[in-house]
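These are the residues of each chain, in order.
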Amino acid sequence: MSTEQRPVPTPTIGIPLMTDGTPKVAARNVNVYYGDKHAIRDVSMDISQREVTAFIGPSGCGKSTFLRCLNRMNDTIDICRIDGRIAIDDQDIYDRKMDVVQLRALVGMVFQKPNPFPKSIFENIAYGPRIHGLVDHKSDLDQLVQSSLERAGLWKEVKDRLDQPGTGLSGGQQQRLCIARAIAVQPEIILMDEPCSALDPIATSIVEDLIDELRASYTIVIVTHSMSQAARVSQKTAFFHLGDLVEFDETEKLFTNPQEQRTQDYVTGRFG
Amino acid sequence: MQTFMLILAVGALILIGFQVGHRRSVAIVGGKASQLHSLPGYHGFYIALWCAIPALMVMAAWLVMEPILLDSAVMASLPAEFTASKTDAQLSLILNDIRNIAAGNIASERSEVTVLAAQRYAEWKQTSLIARVIVVLAVAAAAIVYARRRIHPGLRARNAVENVIKTLMILCSLIAILTTVGIVLSLLFESGRFFEKVPFTDFLFGIEWSPQTALRKDQVGSSGAFGAIPLFGGTFLISFIALCVAVPIGLMTAIYMAEYASRKIRSAVKPVVEILAGVPTVVYGFFAALTVAPLFRDTGAVFGIGISSESALAAGVVMGIMIIPFVSSLSDDVINAVPQSMRDGSYGLGATRSETIRKVVLPAALPGIVGGVLLAASRAIGETMIVVMAAGLAANLTANPFEAVSTVTVQVVTLLVGDQEFDSAKTLAAFALGLVLFCITLLLNVIALHVVRKYREQYE
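So the sequence lines, in the order shown, correspond to chains A and B. Take the first sequence: its position 179, counted from the start at 1, is 178 in numbering that gives the first Met the number 0, and no numbers get skipped. Take the second sequence: its position 59, counted from the start at 1, is 58 in numbering that gives the first Met the number 0, and no numbers get skipped.
The following block holds chain A by itself, in its conformation from the complex (with noise of 0.2 Å):
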């Protein structure tokens, strides 16, 4: 990345910051260093509730990056600095006080490859709320492993072989078996970083239609190279390039009526 070319941030396009009603999570002047590199320029952005934002970007922008901020996975890489401020529900996650552990609780997440834990379908969903307590007898446990696979829409193909190890399942399935691992804990925002990008396009399909459907009870962000997912999936679409948040507007307009020459470049396929 050749941020000696631009040393200023360009500001960003659209309607990065709400004009009315409360932001589920507010992030600004955000910058995002990896030891040397600046992965992040002041990147300032509004995530509004119970919708579907997109990120999208060329690889290498920083979306990803900007992703794992939200809660705070880079924290467990060495050599990454962050500075500026991110808040959800107007509570300062980098604050000293904040605790990880329950950060993680409210912010879930799913990654790029399936990752399902060598352990069975049951224990995958269990591992959050044993590590959380969130229940207290073993009945409750069955109902809300019962539950997040319903959510996930994954109940009624593993209900019969709940003790088969989770590495079993297909690519889908395991997906959602993280999607369902990730609601088990009762978060209120879920991360996905690429979600489908290792699945099939029937397994992808599946996967759209529940972000669809959770849209319903979770905000959810969703870090894509796929633009026509963002479009089918997303309410909101942000435009990241080099570090850069370029363009952040309602999907539609940013797709149909981009207002920067990047980001139409990049919509229409002209390079990226």
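Since the hints were made in silico from the structure, they are not lab data. Do not take every clue at face value.
Quick list of in silico lysine-lysine cross-link-like pairs, DSBU-like style, CA-CA up to 30 Å [unchecked claim]:
1) Lys118(A) - Lys453(B)
2) Lys155(A) - Lys358(B)
3) Lys158(A) - Lys453(B)
4) Lys358(B) - Lys96(A)
5) Lys118(A) - Lys137(A)
6) Lys453(B) - Lys269(B)
7) Lys155(A) - Lys137(A)
8) Lys137(A) - Lys358(B)
9) Lys112(A) - Lys358(B)
10) Lys96(A) - Lys36(A)
11) Lys358(B) - Lys269(B)
12) Lys158(A) - Lys358(B)
13) Lys263(B) - Lys36(A)
14) Lys453(B) - Lys112(A)
15) Lys118(A) - Lys358(B)
16) Lys196(B) - Lys425(B)
17) Lys112(A) - Lys158(A)
18) Lys85(B) - Lys124(B)
19) Lys118(A) - Lys155(A)
20) Lys453(B) - Lys358(B)
Since this is a predicted model, take the numbers as computed values, not measurements.
Guided by the hints, dock chain B onto chain A, whose structure is given.
Chain B in isolation, oriented as in the chain A frame:
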């Protein structure tokens, strides 16, 4: 010495052959090496191998056959009336005398006949030596000339050379396999002789070990009990203590290095831990016998516990330290092999680092860790030097780690050290012990390999 010189000479011819092949192949295409099927170097190796293999085979055959032919020729040349009344054993003694006289050593008996025969022997031997040099060098030289003629641009020298090298590698691996088979067979064979003298069940299930057998009928105090239970009991007691030391320490080390240590610390600590595996076991042995055992004895005395100065505890603890690197190094590898995505998944659900390690990483790595522990256990069971020096020789059947015990390996050592008669049960018992020990460690290794392999399939 002559053989060594001859090998040097053949080596020189091989080098010459390489040069000849190289130059010939380049010359035959007028310097345009690209027109050759194989690179000039392969043509060089082609002639070198043609030169080396027949010459060395002739030499080896000659070295094997020469003494046999020479002996029979010398014996045949002895006067018939001299050999007629002799038994085979006497004849072989005479042959020995002849050889000794010929070599200028002291012989048990010098008669006119044997001295004359020795002269013939020396003469023929000299002739054979000269003939050998000539034949071997001639074969090598002829092979160079022959192979040089075969060189043409289309010659598949590379394929030929690679085939020979492949065969050579197969032979090398066969050596290791055949040696193992030979060792197992000799164990089986000698154990069979032992079990003719001592019943199998007495050996395997007897609880008294006292291998002194009477040399003469009137000797006393030689019961000759061959019950191996106390020895295996001692072996397992010491191995158990060793594992109790090595598994927690090794595992903690591995977890620290794989999950917590920074790259810098890891690159410094890991080699140091692995140095433990490089310390000669005899050094551990006297460390156990001279430092640790007295320390335990004195410490025990302070608390009023009687710890003998040769105790299973001292040997076990030191052995445990010795096998820490086995556990830590293998566990470290399998923990590192657990994909980062597993950890991310766990962190993403709000698990802390220690929860992630306990509930995700360790269970995923468990089969590999078990494999490492089993390998360490088979190492501990087979270990000899530390127990010889620190655990004592008394074959007590006890579970008390403060007492002296003896192990299988220690008894094998004591049974075979010094002058032995190879037809007594006492000596043969060593082979039976070795066989059982071999079976146990083999079983452990098979289980360990199986477990490790099963683990590998999980993520791939």
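To see whether the hints hold, each was checked on the structure:
1. Lys118(A) - Lys453(B): holds, 15 Å
2. Lys155(A) - Lys358(B): Roughly 27 Å between the alpha carbons, so the hint for Lys155(A) and Lys358(B) holds.
3. Lys158(A) - Lys453(B): Given pair Lys158(A), Lys453(B) holds - Cα atoms ~27 Å apart, limit 30 Å.
4. Lys358(B) - Lys96(A): holds, 26 Å
5. Lys118(A) - Lys137(A): holds, 18 Å
6. Lys453(B) - Lys269(B): This hinted pair holds, its Cα atoms lying about 26 Å apart.
7. Lys155(A) - Lys137(A): holds, 21 Å
8. Lys137(A) - Lys358(B): holds, 19 Å
9. Lys112(A) - Lys358(B): holds, 20 Å
10. Lys96(A) - Lys36(A): holds, 28 Å
11. Lys358(B) - Lys269(B): holds, 25 Å
12. Lys158(A) - Lys358(B): holds, 24 Å
13. Lys263(B) - Lys36(A): holds, 22 Å
14. Lys453(B) - Lys112(A): Holds, at roughly 23 Å.
15. Lys118(A) - Lys358(B): holds, 10 Å
16. Lys196(B) - Lys425(B): holds, 10 Å
17. Lys112(A) - Lys158(A): holds, 23 Å
18. Lys85(B) - Lys124(B): Satisfied, since the Cα-Cα distance of roughly 25 Å is no more than 30 Å.
19. Lys118(A) - Lys155(A): Holds, at roughly 20 Å.
20. Lys453(B) - Lys358(B): holds, 20 Å
Every hint from the earlier list agrees with this structure, and none is contradicted.
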